[in-house]
Amino acid sequence: MTVYILCFILFLVGLYGAITRRNLVKIVISLSVMEFSVFLFLALIGYVEGGSAPIIDPAKPDALYVDPLPQAMVLTAIVIGLATTAMLMSVIIRIYRKYKTLDIREIKNLRG
Amino acid sequence: MTLIVKKTTQLLAGIVFLYGIYVILHGHLTPGGGFAGGVIIAGSFILLILAFGSEFMNLTREETGTTLTENLAILAVLLIALAGMIVGARIFFDNWLPAGKVGELVSAGVIPLYNIFVGIEVAASILTIFLALVIFKEEITK
Amino acid sequence: MAALIVISIGVLFNLFGCIGLLRLPDVYNRLQAATKCVTLGCCSILLGVLIHFGITDAGIKALIAIPLLFFSATVAAHALVRGTYHFGVKMSDKSVKDDYKEAVK
Amino acid sequence: MNPLIPLFIAVPLAGAFLTIILGRFLRDAGRYTGLLVLLCLAAVSIFAAATINGEVLAYKVGGWEPVNGIPIGIYMVMDNFTALVLCIINIVGFLALIYSVTYISQYTSENYFYSLFCLMVAGMNGVVLSGDLFNIFVFLEIASIASYALVAFGVEREQLEATFKYQVLGGLASLLILFGIGLIYWKAKTLNIADIKIAMGSNPDKIHYTVIQLLLLSGFGLKAAVIPFHAWLPDAHSSAPSPISAMLSGVLIKAAGIYVLIRIFFNMFIISSEIAVLITTLGALSMVIGVFLAIGQWDIKRLLAYHSISQMGYVILSVGIGMILLARGTKPEVATLAISGGIFHLINHAAFKSLLFLNAGAIEYRTGTRNLKEMGGLSGLMPATSSTSFIASMSISGIPPFNGFFSKLIIIIAAILGKFYLLALIAVIVSIITLASFLKFQRYAFYNKAVVGREQEIREVPFPMVFSMVILGLLCVLLSLLAIPQIRDMFLTPAIKVLTDPQLYTSTILGM
Amino acid sequence: MEAAVSLILVFMILGAVFAIHARDLLSAVISCGIVGYGLVICFLLLKAPDLAIVQIVVETISLVLMVAVVLDSTRQEPFTLPDKQGYVNIATAVLTAGVILYFLNLATGSMDAFGEGSLRMAEHYINGAAAKTGSANLVTGVVFDFRGYDTLGEATVLVTAVLGVITILRIRGKK
Amino acid sequence: MKYVAFFILGLAFWLLITFRITVPNVIAGSAASLICTLIFARYYFSSVGKLVDPRRWFWFLVYLFVFIWSCIKANFDVAYRVLHPKMPIKPGIVKIKTVLKSEFAKMLLANSITMTPGTLTVDIIGDDLYIHWIYIRSQDPEVYTKMITGAFERYIKKFVE
Amino acid sequence: MNTWLEILLYIQIALSGLCLFRIIKGPTIPDRMVAIDIFGILVVGICAIISVQTGKTFILDIGIAWIILSFIGTLTLAKYLSGKKLNQ
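Residue numbers (our numbering), protein chains in the order written: chain A, 1 to 112; chain B, 1 to 142; chain C, 1 to 105; chain D, 1 to 512; chain E, 1 to 175; chain F, 1 to 161; chain G, 1 to 88.
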């Protein structure tokens, strides 16, 4: 069970960062960390002790494979994470152009 | 970047591109597939841009057609999915080509086709995002 | 068995490289020790893979990976060290000679 | 009906991609493809709502039949509730797009707007139609990312800030949802909504179940802007271009937030009274806090945005009352009444809130300001805007004979019948405060002394904008017909039946 | 396998804490990158090669994008002691995290232990799938055949993001 | 001409990495390397003729052998310096002059120098290579130039130029 | 054989932990970049060891992909150091 607990701790580290940090890029990094922990959690769920990677060799099939469905889910979710990151990055560039700062406290509507 | 980087990048870019195609085409046999291969293909262009600057491949503007390529490819994916409603069992996302023998290069019905088009789409998308973040912002300042 | 020995040697080289990464005094020396040792170590591991699998698809892949790793690691190290110099990181006090200073000016 | 279901996804997606492709050769391509796509969708969704007739249709994507009763592919599910929400999405979307034809021409790169609009509609259709939890997540992301981009379409300061806030909170919501999905998969080993209900069993591990419910509640609550999670809504809704505000406020928070909440809490989880009480409390809080935040606002669109929170509170409150009653097992007919009131209000809110945002957009289009203090006397200058806005204001404040009155009436009656007197009282008070707030809006915008010297510049907005506002105004009046029992039995009651009957949805989909 | 994954997870947590607290933005970006790379090793150990390769490419691309942004803006994050609001935030965050961890710990106590998951729906994916879809890579089979609809959504998300990025980085909004 | 050479090399790479010769595989490989050729071939090779000269291949093999040997030797040297408790290092940047003319040869030389542990190419300006050396054994330019480039330069000259 | 390989695997993972240490401590930015570069190379070794351990050949594909992509990442970082825009 330690693995799961550590995974949750990683999630909470990200959450802590997202709440307390005051820098736009730092917030994005915190979100990525949370993303990582969720991906890892899904991959952990699918793991089967002694199973092999879900790629069948028709010549010598293995007895036990790990669950491919969580992997498919994570695959989709990773791409979505990249899309979100790219969007956030472009917004940050624009905001920096307008305000010359990345500090959230100096940007009017984002304060608080 | 120095001469060393430029020369090596030239050598490597072709290999990277070929490797991306390998990953895409073998998506149903080995790990990878459309997404990973697409990003690797985009990586070969990114490598060249990093080493030589964006004027090198005339990839200076959005008008290079990356968005057009991307949209054509994703439209092709959608059309393959819709083709299942016309040929075969008349179902959305039907695998309407014969499955073939497991482990061969030509097998798995339409999956390689999806892989190829998703790969093109992803390559164009990543390249567009990179160009947008790296080059278009120059235009904002002007 | 031979494969195992070669792989172990590779891991040993990696170990040296990482110790170098920790112990050496400045960035340039760290780059020196670490990149070289680790790259050679990994090449050695890949060679072990080649020996283990023989001339099969896996062995050939390992064989292809070796020159790729060599070229990319080398050029990465070169680009990093040049960037570091231009970034303005000072060399450690132990250094005895700096010919590049005039060239940059 | 069955083979038409994929069209709800395929048509807008194809439209979005074609817009960009054709846009390279024709300048105005987006306008025509967009209108065509949305017209087609609106027609199909009306057809679907008219013909579905209380059935639950499951479309197996890829043709994968269940094995041993366990679904292995993705299911698209269409029932009466879905059809109603689809109608809202596509009709409001169509009208908003007609409105944008002139409104958006003040911006550059119109084609991107139409493409993103189609993608947003596709995403919402996908969320509503899906019967698979992870699929809901994917399409939720399409709709959200398209809306992030659309909020920032004008690329000005406040829009960028609003979109950043919206994106961070939206990303947080997605992660919470994904985490919840993971916890569900851990236990249930399936993703189909109907199958999860079976797999989790009738007597699941209590804490685990509650944690999942809380995670999904906070995730979708963030998307729906229920009160502790509402921080993004006022900024995003007020700074977006007006047709997008109308879509966000009128449709997106319903399709992506409330609809999914209702769907999963009724059809996926076994209703427990603790969660039901929590949901009711959140609804009541949203109602009260939203309206109190709204009353001090002088920016029209901000005012409307806060009212969105408040009105969504009504929906959540009534659904929560229904859930409490269902969980207790007493008075099922009152529970049905409460839920039907909630869904009726959902539909009504889509009509009048989009109309109000379109009005605000029209005012901004002509006067160039959103501040109530700087305008006045517009009723003579912009008669169509003024009259439709009057209808919408009365409707949102619950004045008969407009639609808002009937839905609020049903909700209050249900609350009284269910012996929630305090909640009924709160609902009445909030309604009165809403009326006060909108009287202020009407007075300052339309009937006050005119701003001197600008009468010549200000005239009625162009025809497409007037057209969609008038149609929405007519809808506001016509929707009150849904309160007549016969018509209600035709549309609303079958929709409620899917939710309140725990067996219907599950057994139809799994084919048992 | 659990010990190795736990070890890497500890490293990842350390890296994440550093990434969040680093004074310098580029350091934060780099250590976020290393957390992502650590995730790749976890995927490799957990027998998920597909995820590993996709995570590598995505991590590298996000690293490049983040570096592009940091290069364009500023690297320094001026250090200030948190004000009153800051302390309130930190307290809230720690408290929330603690409560969530406690409940998650309770909630997951009765679940399947690591590596002992049963296969319910997935059994079919493993046993019958290769013959039906013809794909040796089961994940690709699931991604493109059983759940191909999801993948269309995924590709669409990427297109949407590209359109969004181009939209946001336009030179002028209004004519 | 260089297009053809590039195509053949690409196909060879493809066949190596897939390592099976079946009809679909060869067709796929040809298509892939054709696309690759059309995009990248213009940046490669100035003269293809050198590729088919067996003498050059021989010298290349000799060079490879020398390179690997010096690599391993120097690696132990670095390991010794790292592990030694006192860390006997005397780092510095030295300038050496190369006689090689073509860019490809310079690149190879710089890479060989970088890959030999103990030395690291910092920059290349014209004919001058700037080298970071972990232990400067000599202060005399002629001596250290010979020490660093000696063997490599000779063989590279033989098989490239 | 398998036990020994597993020990080697743990050593490699521990070595990547040393890289993390350098990233956290590293006084200058280039230190951290060097560490992430080394980390990338180390993982290629991890891929190779896992492929021998499990007998699955496709893990090497991931190794090659890693070589390529870590090269791109390091070049980007190096370009940052030299103070130019990424497209110059």
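Hints may be right or wrong, so weigh each one.
Simulated crosslink set (DSS-like; lysine-lysine; CA at most 27 Å straight-line) [what the hints assert, rightly or not]:
1) G:Lys85 / A:Lys98
2) F:Lys158 / F:Lys50
3) E:Lys174 / A:Lys98
Residues of chain E clear of chain D, computed beta-carbon distances all greater than 10 Å [claimed, not checked]:
4) Ile13
5) His21
6) Arg23
7) Asp24
8) Leu71
9) Gln76
10) Lys84
11) Asn89
12) Val94
13) Leu106
14) Ser110
15) Met111
16) Leu152
17) Gly153
18) Val159
19) Ile166
Source of the hints: derived by calculation from the structure; they are not laboratory data.
C-beta: ideal position from N, C-alpha, C; glycine also.
Status of each hint after checking the structure:
A C-alpha spacing of about 20 Å is found between lysine 85 of chain G and lysine 98 of chain A, which places the hinted pair at or below 27 Å, so the restraint holds. Simply put, lysine 158 of chain F and lysine 50 of chain F have alpha-carbon atoms about 11 Å apart, close enough for the 27 Å limit, and the pair holds. Straight-line distance between C-alpha atoms of lysine 174 of chain E and lysine 98 of chain A comes to about 16 Å, which keeps the hinted pair within the 27 Å bound. With a minimum CB-CB distance of about 17 Å to chain D, isoleucine 13 of chain E clears the 10 Å threshold, and the non-interface call stands.
Listed as outside the interface, histidine 21 of chain E is consistent with that label: its C-beta sits roughly 19 Å from the nearest C-beta of chain D, beyond the 10 Å cut-off. Every CB of chain D lies more than 10 Å from the CB of arginine 23 of chain E, the least distance being 22 Å, so the non-interface label holds. Chain D leaves aspartate 24 of chain E outside its interface by the beta-carbon criterion, the shortest separation being 22 Å against a cut-off of 10 Å. A cut-off of 10 Å between C-beta atoms confirms that leucine 71 of chain E is not in contact with chain D; the least separation is 20 Å.
Consistency note on glutamine 76 of chain E: stated as away from chain D, and its beta-carbon is indeed over 10 Å from all of that chain's, at 20 Å minimum. A cut-off of 10 Å between C-beta atoms confirms that lysine 84 of chain E is not in contact with chain D; the least separation is 19 Å. Every beta carbon of chain D lies more than 10 Å from that of asparagine 89 of chain E, the smallest distance being close to 13 Å; the non-interface claim holds. With a minimum CB-CB distance of about 17 Å to chain D, valine 94 of chain E clears the 10 Å threshold, and the non-interface call stands.
Under the 10 Å C-beta cut-off, the non-interface status given to leucine 106 of chain E relative to chain D is violated; the minimum distance is some 5 Å. Under the 10 Å C-beta cut-off, the non-interface status given to serine 110 of chain E relative to chain D is violated; the minimum distance is some 5 Å. The beta carbon of methionine 111 of chain E sits about 6 Å from the closest Cβ of chain D, which is not more than 10 Å, so the claim that it is off the interface is violated. A Cβ of chain D approaches the Cβ of leucine 152 of chain E within 10 Å, the least distance being about 8 Å, so the stated non-interface status is violated.
With a least CB separation of 4 Å from chain D, glycine 153 of chain E falls inside the 10 Å interface cut-off, contrary to its annotation. A beta-carbon of chain D comes within 10 Å of the beta-carbon of valine 159 of chain E; the shortest separation is about 7 Å. Listed as a non-interface residue, isoleucine 166 of chain E fails to keep its Cβ farther than 10 Å from every Cβ of chain D; the least gap is roughly 7 Å.
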